[in-house]
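Participant: Please take these sequences and the hints and turn them into a complete structure.
Residue numbering for the sequence shown follows the working numbering, starting at 117 and increasing by one per position.
Worth double-checking, as some hints may not be accurate.
[Unchecked claim] Distance ranges between label pairs, derived from CB positions:
hint, residue 1, residue 2, range
1, 166, 230, 46 to 56 Å
2, 203, 134, 40 to 50 Å
3, 164, 207, 48 to 58 Å
4, 181, 210, 35 to 45 Å
5, 174, 223, 35 to 45 Å
6, 166, 231, 42 to 52 Å
7, 205, 157, 41 to 51 Å
8, 183, 247, 24 to 34 Å
9, 124, 209, 35 to 45 Å
10, 220, 156, 17 to 27 Å
11, 205, 164, 48 to 58 Å
12, 184, 209, 46 to 56 Å
Hints are computed from structural coordinates only; laboratory data are not their basis.
The beta carbon of each residue, even a glycine, is placed where N, CA and C say it ideally should be.
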Amino acid sequence: MRELGRVTARQGGYVIVEICDESSCNLCEFKHNCAKPIKRRVRIFDKENRYPIGTVVRISSSPSKYLLAAFLLFILPLLFLVGFYFIGEMIFKSESKAILFSLLGMIIVYFFIFVLLKIKRIMNFFNISRIDFEY
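Facilitator: What follows is the structure, encoded as structure tokens:
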């Protein structure tokens with residue numbers, strides 16, 4: 117994925133980049149009737165303050181980061197759900213308590229993912245680079 121955007125705001129150590137999705141407008145047969153293209157906002161970590169407000173940037177991400185994100189958000193919680201169910205079944209010998217125990221496993225894994233991604237900032241999902249032309 118590669119897209120162009122403009123830095124619109126700063127929040128702490130993050131920059132807010134507004135992406136104008138004009139590429140999909142070119143494919144639409146109703147593009148002449150639209151008032152504005154769709155704009156999305158992305159929050160990207162920028163510790164060094166390299167991108168002041170108004171800077172045009174290119175945002176990119178590799179497919180391996182998409183796979184890692186999919187694993188962390190979908191597959192790992194499913195594994196915890198099933199694993200905690202079987203552990204709960206062995207401990208409590210009751211299906212209803214095992215289901216509740218598996219939901220506890222889901223809460224634990226999402227808390228673990230939140231701590232890793234938000235507080236520790238171990239995964240920078242987007243790569244950002246400055247573009248030197250008017251947007």
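Participant: Hints first: check each against the structure and report whether it holds.
Facilitator: So, going through the hints one by one against the coordinates:
| no. | hint | in the structure |
| --- | --- | --- |
| 1 | 166 x 230: 46 to 56 Å | violated, 27 Å |
| 2 | 203 x 134: 40 to 50 Å | holds, 46 Å |
| 3 | 164 x 207: 48 to 58 Å | holds, 49 Å |
| 4 | 181 x 210: 35 to 45 Å | holds, 41 Å |
| 5 | 174 x 223: 35 to 45 Å | holds, 38 Å |
| 6 | 166 x 231: 42 to 52 Å | violated, 27 Å |
| 7 | 205 x 157: 41 to 51 Å | holds, 44 Å |
| 8 | 183 x 247: 24 to 34 Å | holds, 27 Å |
| 9 | 124 x 209: 35 to 45 Å | violated, 56 Å |
| 10 | 220 x 156: 17 to 27 Å | violated, 35 Å |
| 11 | 205 x 164: 48 to 58 Å | holds, 50 Å |
| 12 | 184 x 209: 46 to 56 Å | violated, 37 Å |
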